[in-house]
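Below are the chains, spelled out letter by letter.
There are 2 protein chains.
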Amino acid sequence: MKRILTVLLAAVLFCLPRVAGAAEQFVSFSKGVRPALIRLDPQEWPGVKLAAQNLAEDYGKVCGKALPLTESGFSKIKKTDICIGTLGHSGIESLLTPAQISSLKGAREKYLIIATKDRIVIAGSDKRGTTYGIYTLCEQMGVSPWYWWADVPVEHQDKVCIIPGVYTDGEPAVEYRGIFLNDEAPCLTGWVNENYGGYTSGFYVKVFELLLRLKGNFLWPAMWDAAFYDDDPLNSYYADMMGIVMSTSHHEPCARAQKEWHRYGSGPWDYTKNKEALDAFWRKGIERMAKTEDIVTIGMRGDGDEPMTEGQNIELLENIISEQRKMISEVTGKPASETPQVWALYKEVQSYYDNGMRVPDDVTLMICDDNWGNVRWFPTEERSGGYGIYYHFDYVGGPRNVKWINTNDMHKVKDQMTKCYDSGIRKIWLVNVGDLKPMEYPIQFFLDLAWNPDTQVREHTREFARKTFHAYEDEIASIIDTYGIYAHIRTPEMLKAETYNIQQWSSIVQLWRDLRDRALAVKEKLPARYYDAYDQLVLFQVDAFCNLHEMRMAEFYNDQEAVNKYFARDLELRDYYNKVIAGGKWNHMMDQNHISYTYWQQPEKDEVPVAKEHRMVFDGR
Amino acid sequence: MKRILTVLLAAVLFCLPRVAGAAEQFVSFSKGVRPALIRLDPQEWPGVKLAAQNLAEDYGKVCGKALPLTESGFSKIKKTDICIGTLGHSGIESLLTPAQISSLKGAREKYLIIATKDRIVIAGSDKRGTTYGIYTLCEQMGVSPWYWWADVPVEHQDKVCIIPGVYTDGEPAVEYRGIFLNDEAPCLTGWVNENYGGYTSGFYVKVFELLLRLKGNFLWPAMWDAAFYDDDPLNSYYADMMGIVMSTSHHEPCARAQKEWHRYGSGPWDYTKNKEALDAFWRKGIERMAKTEDIVTIGMRGDGDEPMTEGQNIELLENIISEQRKMISEVTGKPASETPQVWALYKEVQSYYDNGMRVPDDVTLMICDDNWGNVRWFPTEERSGGYGIYYHFDYVGGPRNVKWINTNDMHKVKDQMTKCYDSGIRKIWLVNVGDLKPMEYPIQFFLDLAWNPDTQVREHTREFARKTFHAYEDEIASIIDTYGIYAHIRTPEMLKAETYNIQQWSSIVQLWRDLRDRALAVKEKLPARYYDAYDQLVLFQVDAFCNLHEMRMAEFYNDQEAVNKYFARDLELRDYYNKVIAGGKWNHMMDQNHISYTYWQQPEKDEVPVAKEHRMVFDGR
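Sequences listed follow chains A and B, in order.
Following my numbering, the numbering of the first sequence begins with 18 at its first residue and continues without gaps.
Following my numbering, the numbering of the second sequence begins with 18 at its first residue and continues without gaps.
It should be emphasised that the hints constitute simulated quantities derived from the structure, not laboratory data.
Treat the hints loosely; a few may be bogus.
When chains are identical, the list treats them as one kind, so a pair holds in a single copy or across two.
Said to hold, decoys possible - With a straight-line cut-off of 27 angstroms between C-alpha atoms, the simulated DSS-like cross-links for lysine-lysine are:
#, residue 1, residue 2
1, 596, 542
2, 276, 134
3, 436, 582
4, 436, 513
5, 95, 48
6, 82, 96
7, 436, 629
8, 431, 629
The structure displayed is predicted, hence computed values, not measured ones.
Input sequences plus hints: build the corresponding full structure.
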């Protein structure tokens, strides 16, 4: 009977349209098929093998003992083995029905998890499909994608079972879904240098794993003082092996970091004056990435992410792109259109487009927001290369950096990204996430939304809270949600004593204090083993931004003593994050100055603000 | 045994300090002493008799049949009569122990409610003490002070009983606790004209009753186009009879309305040019109020609540006040110091004080806020006349009127008024409440705080919600509380498309929409008989202010169609308040224009705003 139901369920699954991202809970901790072994084919993708190894270890985190893993293929399956395989790359087809095979064939990044009483199969349409299937199982077992990156504890279970059935998340709505590690000093760089001696593969493997657990597949790497392909040859190796598609940022053409030009380039970064050197420099980048899935950034901006010098114009840029594409074609031996390329309409570059500049239709046009989360335009014409969006959760630039903590309102992100999706921006969704931490929740939301644009903010936040803390999910979700809304109204870096007037300050601070009280109240109720995760994902930012508001209000009211107190608390909170949370694991991640701003760029040092007399009679200002 | 407990309780009551305002729940709907009759002495104050009559009727609202009432005194008490009397003014002493008498004697506005199985006694130290005792019983029976003013329904009970014991609220912390009906056109005046043919005693008796039920005792009457003493001779008669202390506003000296000068005065409103006429005018005011408890406003401002003309100075003002006091002394036949007087340091008048101007020590110095709820200074020296505070919930003036709806944050009110109390401002607490509606909750809070400055905002809001709606008190209180905080951040009249930037609008509107959703969700759960009260006290303002934010955001985003829609909804909401709530009882109360402001003064008409293109890239503005 159960068998029939399963078959029926499978039949239903392949007939009815599935909502992407909605794999139901298939893990049970009481009944169902209990796995004994993980089984892979020796020909399986190395990246899938690595994910399977993580599954084995995650099982150990949950149940106390890792699952054994064999690469001896599927010829001698024992009951309840987990058989993992990628279509066309292992013998997994032998365990699938023709309908299952055809539902995977040609699909993008799709997995099927098929549990019967005889076995559990995780089959993927491609290496990422299989990997996502594996990590979906990990998450359902209770291992958060953030288990390492935010120290989310794993709840012990006596057993892990799979409920018989066929499960899938379908295919992603957006093809490339990723993050940009940017504006990465002092925090991320300080932490990376201390832990990995630089932006090396030890670090990137952790990032790739996180991305894959979040069902992302795309990354722009750190580039302030780093060169992804050059710093450690294993960086690109692991990306390709694990299934992460790399690219270089919007102003770093041809898969070469700007830092590489500083290391190896000669002459000016000016195509009119130094064509030969630049061509040679770029060709090397193409050669290096040619065997990967990486996307080639084309075009050119001025050195240091500035506009090109005056006089450099549309004609020149069209010529540059034409030369770059010729290079791609020459190196790959295929038409340029067969290598994915992206041209980013960042800042002034959009005006070239507005003024009529066009690139070949196969190039993905990457639309950019205004750096503050407002998308500047939405396409109305189709193009074969499709459209991407480069969005910002973090920004370095005017009027003020947004670098310290998360200031993003998911409702706005949902609104803007839904508009992107609806207008056909479906090729690339990329978001600048600064130091990665403490941007955990926005990253999760962004990547989930890229998989399924129907994702609803509040359901999502609640699910995130539930899966992460296993209790108080309504209240925690409401705190995360409210924090984002409040924080987005005015960023910490722009908050000054003058931001609010005598009518507003006390009400604004009341809102923040109430939110902090709520966040503290939840922490008191949580088991102590959740403190590290809760501090990182919820409390720290609420507390620190509340304290900053209190400090600015004290400045407004000319209360130097209170200013000193709140300033000292700001430093204490910074130290707490760096030195106390998770035993100091995240040291440097809160090194970011955020108080003594005088112009757009960050201050060298935060110093106690000087309180002064402000207008004490309300006159509307 | 019960008797002994009662006596013990009484003993404890008079030994331990009592927290003012904390009369515990002494009404039960199941057991205790069940009243049969209300009994008064024929010599009782008429105002107390009127309150007792209201008690008899309130009992009828609760139980279906009014309590009978006799004025035959206390010689033939039957079991469980409610015996009401004021110390020294009725034979109530015969029903009190010596300890009870001494606890009332010389006390201010204090009541004792003493329930034994033989009888229920409501004894007051003075007429207001007795009245407050009566209305406290009414409220505990379930008749809200707002039963008429906000149509709060009365829950039916099969019986009303008093739990044996001795109950008191002690004495008020602040001597005069009142409101100022001001800026009263078009709303209050429109409503008053339609219902009472002007500011007559029919209207004022309703106001006085409300004030007494809220344990207030002080009123500045409407004065834009009204003259309290002159419009209806019964106005002052009822105030005095019921126990309301009147005064005239800060710029209307000697108990004469400015309107009276326009009606009867001759020559300029200038003491240097028209001393004789002004003296005669003012003397008449003193003569008229001489037999009341009213407080005489002294000093002078320019006509129409403007500063006096240039050149008029401290010396002149000191001379005016000296003449006014001479007049008071001559009319009353007593030293001026025996008639309570107030001098308001409103706007520029405070600078006279700052520049050294002083008035005799027995005059109450009335400190004023900046019209926006920020108290400008706190006294440091004691004075025999004490200090008052003139506070604003509503304001007409620059930068923009605050007239439409409630925009007050009770946390700020608590903060400011506690500072007032702590610095010795304990003689008068007066607040400008505009049209009275929809300022219900802030009025309740202000007067309760004046009785007991230890009142805590959130406990109070919760109690208000519980007593008013008898359900969902946590959620309703949170909505009221949050509304006040949000509304105070930017008043409706000052809210423009330009108020927020592209970074802020969506988050601000998200906050408002969430709050409206919560307010609507509560209404859906409430019984329909609560809709009128809920609309007036909670929902209307949340909904209307949310809608205004939506309209301004649509203007910002240049979406004329949406602007039109929200503007139309604003008019619908206005009509709903005026014509639908309580069957149109409050017609005109929402006549206030609030959209088409171009300078501080209200617009003649609200017209659809014209959406326009705003800055769509965030640059910090």
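Hints versus structure:
1. 596 to 542: This pair counts as within: shortest intra-copy Cα distance 24 angstroms, inter-copy 49 angstroms.
2. 276 to 134: neither (55 angstroms within a copy, 93 angstroms between copies)
3. 436 to 582: For residue 436 and residue 582, the Cα distance is within 27 angstroms only across copies (22 angstroms; inside one copy 44 angstroms).
4. 436 to 513: Classified as between; 26 angstroms across copies, 33 angstroms inside a copy.
5. 95 to 48: within (19 angstroms within a copy, 74 angstroms between copies)
6. 82 to 96: This pair counts as within: shortest intra-copy Cα distance 19 angstroms, inter-copy 80 angstroms.
7. 436 to 629: between (45 angstroms within a copy, 21 angstroms between copies)
8. 431 to 629: For residue 431 and residue 629, the Cα distance is within 27 angstroms only across copies (25 angstroms; inside one copy 40 angstroms).
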